[in-house]
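A.B. asks: Residue-level listing of the chains:
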Amino acid sequence: MPHDHHDHDDYHHEGMSSSGHPYRADNDGPLTYWQRLEIAVRELLVEKSHLTPAQIATQIEVMDARSPANGAAVVARAWIDPVFKAHLLSDASAASREMGFDIGPLNLIAVENTADAHNLIVCTLCSCYPRNLLGLPPDWYKTREYRSRAVREPRAVLREFGLDLAESVTVRVHDSTADMRYMVLPARPEGTEGLSQEQLASLVTRDSMIGTGLPRQP
Amino acid sequence: MAERVRVKALTPPGHVRVPWYLRGKTGEIERPLGAFHNPEQLAYGLSAEEKPLYRVRFSMAEIWGDAAENPNDTLDAEIYAHWLEKVVIHAA
Numbered sequence: 001m002p003h004d005h006h007d008h009d010d011y012h013h014e015g016m017s018s019s020g021h022p023y024r025a026d027n028d029g030p031l032t033y034w035q036r037l038e039i040a041v042r043e044l045l046v047e048k049s050h051l052t053p054a055q056i057a058t059q060i061e062v063m064d065a066r067s068p069a070n071g072a073a074v075v076a077r078a079w080i081d082p083v084f085k086a087h088l089l090s091d092a093s094a095a096s097r098e099m100g101f102d103i104g105p106l107n108l109i110a111v112e113n114t115a116d117a118h119n120l121i122v123c124t125l126c127s128c129y130p131r132n133l134l135g136l137p138p139d140w141y142k143t144r145e146y147r148s149r150a151v152r153e154p155r156a157v158l159r160e161f162g163l164d165l166a167e168s169v170t171v172r173v174h175d176s177t178a179d180m181r182y183m184v185l186p187a188r189p190e191g192t193e194g195l196s197q198e199q200l201a202s203l204v205t206r207d208s209m210i211g212t213g214l215p216r217q218p
Numbered sequence: 001m002a003e004r005v006r007v008k009a010l011t012p013p014g015h016v017r018v019p020w021y022l023r024g025k026t027g028e029i030e031r032p033l034g035a036f037h038n039p040e041q042l043a044y045g046l047s048a049e050e051k052p053l054y055r056v057r058f059s060m061a062e063i064w065g066d067a068a069e070n071p072n073d074t075l076d077a078e079i080y081a082h083w084l085e086k087v088v089i090h091a092a
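Here the protein sequences come in this chain order: A and B. All residue numbers for the first sequence refer to my numbering, where the first residue is 1 and numbers rise by one. All residue numbers for the second sequence refer to my numbering, where the first residue is 1 and numbers rise by one.
Among these hints, one or two may not hold up.
As the list claims (entries may be wrong) - Far from chain B, some chain A residues (derived; all Cβ distances over 12 Å):
#1 25
#2 60
#3 69
#4 83
#5 123
#6 141
#7 155
#8 167
#9 178
Stated by the list, open to error - Not the full set, but computed from the structure, chain B residues with beta-carbon under 10 Å of chain A:
#10 13
#11 23
#12 66
#13 70
#14 72
#15 74
#16 84
Note that these hints are calculated values from the structure, not bench results. Where is the CB? At the ideal position from N, CA and C, for every residue including glycine.
Given only the sequences and the hints, what does the whole structure look like? Please build it.
C.D. replies: Written out as C-alpha cells, the structure is:
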C-alpha cells in the first residue's frame, strides 16, 4: 500500500501531516451495537416496504436544510410587526407555521429578552432543541458541562460566552424537560430603525436565539 | 396569585423526565401546557395515557440555597401533574 512506508524527510515529524498537524485516525472501526441496530431496523423498514431509501435520504436532506436562518427570519419579523410578535409570544408554533416554516409537530415557546430579563435555554436531561426551526444544535449544547452549569451558574456560563449581565437583569433559565422546545426572542439592537426585515435577520445569530449571545450590532 | 406546587421527592426506577435537582423543590405554575403522552410509558413503547403538563417556575434561591448566583434569577421546567403536589399555605 502506498502509505505503508515512512519517508525520512528531515522536516516531517513522525505521525504529522506535511503541514505539521497530527493525522486524525480514520473512523473505520467496528460498528457499535446501536449503529448495527439502526442499520437492521432501517433495512427491515425498507424490505417490508414501509419506507424507501429515497424517502430516508430526502428526510435527512430536509433536516440538514434547516438552519438558524429560519429562526432569524421569525425574530426579524417580530421586531418589525407587533401583531406577529404578540402571536409569536402566545403561540410560537402557529406563528412559525404562518411564516411558512414546516416545523412538524414542534411545540415551540418563544421567550422575550427585555431590559429587565435575559433568557437562556438548556436541556439538562438530553439535548432537546428546536431543531425543526433552528436546525441541529451546536455540539457544546449537548455537553454535560453546558447542561449542568447552565442551571447552576448561568451567569458564569454567560460570561464565558462574552455576556456580562448586570445584577439588575433577571436571568431566566428554561430547562426543556418534556414536550416543549424554546427559542429566545432577543431584544432588537439599538440603531436599527432604518433596516429592512432581511437586514435585521442578518443580525440574528444562533446563539442569540439560545440565549448565550446577543444579536450583532449593525 | 400563582398556584404554588412542590415537586414530589420520589425516586422511581425507569425513565422519568423530572430532573433530580428539582425534586422536593417548590415553585409556581407559570402556565399550563395541555396534556401529553406520559414519557414514563412512552419510553418503553407502551401505550401511554395523556397527562397534564405544566411549566413550573422556581427561584434559584429555592433550588441552590446560598449557593445561588443571584437568588431572584429563575428556572422554568416542564413537570407532569402526577409529579406535583399543591402547597397549602396555612393562615397564621
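A.B. asks: Next step is simple, just say for each hint if it's right about the structure.
C.D. replies: Status of each hint after checking the structure:
1. 25: Correct as stated: the minimum Cβ-Cβ distance to chain B is 34 Å, above 12 Å.
2. 60: 24 Å, holds
3. 69: Its Cβ never comes within 12 Å of chain B, the nearest being 27 Å, so this holds.
4. 83: Since the minimum Cβ distance to chain B is about 21 Å, residue 83(A) lies beyond 12 Å and the statement holds.
5. 123: Its Cβ does come within 12 Å of chain B, the nearest being 10 Å, so this is violated.
6. 141: For residue 141(A), whose nearest Cβ neighbour in chain B is about 16 Å away, the distance exceeds 12 Å, so it holds.
7. 155: 5 Å, violated
8. 167: 6 Å, violated
9. 178: 4 Å, violated
10. 13: Result: violated, 16 Å to nearest chain A Cβ.
11. 23: 12 Å, violated
12. 66: Because about 13 Å separates residue 66(B) from the closest Cβ in chain A, which is outside the 10 Å limit, the hint is violated.
13. 70: 6 Å, holds
14. 72: Residue 72(B) check passes; min Cβ-Cβ to chain A is 6 Å, inside 10 Å.
15. 74: Given a least distance of 5 Å, the restraint on residue 74(B) holds.
16. 84: 13 Å, violated
The structure shown violates the earlier hints numbered 5, 7, 8, 9, 10, 11, 12, 16.
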